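In order, the protein sequence lines correspond to chains A and B.
Going by our numbering, 227 is the number at position 227 of the first sequence; the sequence numbering is gapless.
Take any residue in the second sequence, note its place counting from 1, add 1000, and you have its number in our numbering.
Hints in this document: simulated from the structure, not taken from any laboratory.
Please read these numbers as outputs of a predicted model, since none were measured by experiment.
One or more hints might be untrue.
Claimed, not checked - Cut-off 25 Å, straight-line C-alpha distance, at most; resulting in silico cross-link-like pairs (DSS-like, lysine-lysine):
1) A:158 / B:1114
2) B:1092 / B:1114
3) A:173 / A:57
4) B:1092 / A:231
5) A:63 / B:1069
6) A:150 / B:1092
7) A:57 / B:1069
8) A:150 / B:1272
9) A:231 / B:1163
10) B:1130 / A:150
11) B:1092 / A:158
12) A:63 / A:158
13) A:150 / B:1114
Claimed, not checked - Here are some chain B residues pointing at chain A (derived, C-beta under 7 Å):
14) 1081
15) 1084
16) 1085
17) 1087
18) 1091
19) 1126
20) 1130
Stated by the list, open to error - Which bits of chain A does chain B cover? Going by a derived footprint, with three or more residues having C-beta under 8 Å, they are:
21) 4-10
22) 25-32
23) 169-175
Even for Gly, the Cβ is constructed at its ideal location relative to N, Cα and C.
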Amino acid sequence: MGNFDKKLERFWEVFIEHGGYVKVLTGLQNTVWIAVAGLAIGILIGTLIAVVRVMPKTNRLTKSLEGLCVFYVGLFRGTPIVVQLLVAYYVALPLMGINIPALQVCVIVFGLNSAAYVSEIMRSGILSVDPGQMEAGRALGLNYRVTMMKIVIPQAVKNIVPTLGNEFISLIKETSVVSFVGAADLYVAFNYIGSNNYEFMVPYLVMALIYIVLVAVAALIVRQLERSLRKSDRRH
Amino acid sequence: MIDVINLRKAYGSTEVLKGITTTIRQGEKIAIIGPSGSGKSTFLRCLNRMEEPTSGSILFEGRDITDRKADIDEHRRQMGMVFQHFNLFNNKTVLENIMLAPVYLGLRDLRRLKRRNRLVRLRNLFHGEKLPLHPIETSKARIREEARENALRLLKRIGLEDKANAYPSTLSGGQKQRIAIVRALAMNPKVMLFDEPTSALDPEMVGEVLDLIRQLADEGMTMVIVTHEMGFAREVATRVLFMDGGNILEDDTPERIFTNPRHPRTREFLSKVL
Ligand SMILES: Nc1ncnc2c1ncn2[C@@H]1O[C@H](COP(=O)(O)OP(=O)(O)OP(=O)(O)O)[C@@H](O)[C@H]1O
Ligand SMILES: [Mg+2]
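Based on the provided sequences and hints, a complete structural model is requested.
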């Protein structure tokens, strides 16, 4: 294990003295940013899709909207996220003549991807709310949109917080592929440190530990959120 | 007040309402009785278009509410509805349940008025002759405060003012249903529709809910009640409709329906339930 001590020493050297920690912090920040912003976009768009899908289909517009949503969800759930990233960054955006930084492309693609998953989660959440809630709102003269926003979706969200938490954790893990389009995440940082002296054992070990801690913290936050929501159920 | 003309409702190929024609006059208390599956709920729910009629028309104060262009939300505001399973909003406190719709609508009307005034001002910029602005006599805070006072007054009336900040999950069935009734009353409806308001209640709570409905009846509220409480129907109703197989088979005063029904199906039904 004397060997390992030396490896640790070398890692420390690059990490501190060659400014490796700055890269790690940037990578960490980017990872968290892509996951958080991606989930936020995912919840926004996903909720919209879910509402379109549970809406009563009364005319051609609502029917074709639903078709569009089904296609969207199928597309984003049916292809690997790496492929989506590559296609967005190297095919779609250049074809449209749009030039935006890799990090932002990642946020958008992760947001769009997560929207597909969140829409399914949200849809089952909405369907799990007693239809009587919607009926009561409508019977009072509130329109569909208002009843959905003020009554149904808040109850749906409460039911799906644990599942949404899992989606968040998946997102954190999946961000580890963003270096495919050149975004600087944890992998890029530790790869840099390792490449400095062709010594990858310790850097990747530390990277693994950081992911474990990251996911554990996320799980803790979700659990806390769940608990506080449950408490509000018992309020008197 | 409400004219129902040849109302039909079908789910796919099964016809649930087979051409119902009747008139509900102001101040009437109508009880609808009949066997399970006879279309009582469907009929009641057509009256505020919670169900879309397949054909026929329903005139409310002369306006046809089955018309596609009719403002259905505006219509529903004038018709309170009370459900078998209460349907209080689970994510809102008792007070919020009662205030939600009045506050939302008050704020919306205020917004509309302000928008119209902006247009008038814009127009006045370019015209010599000035149009007057729509008077605005209220404010957001006023609307909320008034809705709150009204809600508390209604809660006091049913003796539940101490539950104002409780969530529905902490209440008994009877309490929930009485709150559901005053929630509908908070919109100042012209008609109240009740669909088996006591069927989901434990027997000891039926009385408190029926008492409240009886009070409303005594105050002159027009109402339509689908019920299996024959004693209550007999006592409170001014007219009883007996429905069977999607038709109104008998439409008469409670005395005659309960003591001397003309139709054999009515007799058979009453002999089973009385
Ligand atoms: N959404 C629906 N789709 C298909 N059939 C329906 C639907 N809603 C009601 N029905 C059918 O319509 C018929 C009348 O139902 P309705 O609920 O109006 O009866 P009801 O007189 O209120 O009965 P109950 O006393 O059991 O409440 C029933 O046979 C029922 O199965
Ligand atoms: Mg019924």
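Structure-based check of all given hints:
no.: 1; hint: A:158 / B:1114; verdict: violated (36 Å)
no.: 2; hint: B:1092 / B:1114; verdict: violated (29 Å)
no.: 3; hint: A:173 / A:57; verdict: violated (37 Å)
no.: 4; hint: B:1092 / A:231; verdict: holds (14 Å)
no.: 5; hint: A:63 / B:1069; verdict: holds (21 Å)
no.: 6; hint: A:150 / B:1092; verdict: holds (9 Å)
no.: 7; hint: A:57 / B:1069; verdict: holds (18 Å)
no.: 8; hint: A:150 / B:1272; verdict: violated (44 Å)
no.: 9; hint: A:231 / B:1163; verdict: holds (18 Å)
no.: 10; hint: B:1130 / A:150; verdict: violated (41 Å)
no.: 11; hint: B:1092 / A:158; verdict: holds (13 Å)
no.: 12; hint: A:63 / A:158; verdict: violated (28 Å)
no.: 13; hint: A:150 / B:1114; verdict: holds (24 Å)
no.: 14; hint: 1081; verdict: holds (4 Å)
no.: 15; hint: 1084; verdict: violated (9 Å)
no.: 16; hint: 1085; verdict: holds (6 Å)
no.: 17; hint: 1087; verdict: holds (4 Å)
no.: 18; hint: 1091; verdict: holds (5 Å)
no.: 19; hint: 1126; verdict: violated (34 Å)
no.: 20; hint: 1130; verdict: violated (35 Å)
no.: 21; hint: 4-10; verdict: violated (count 0)
no.: 22; hint: 25-32; verdict: violated (count 0)
no.: 23; hint: 169-175; verdict: violated (count 0)
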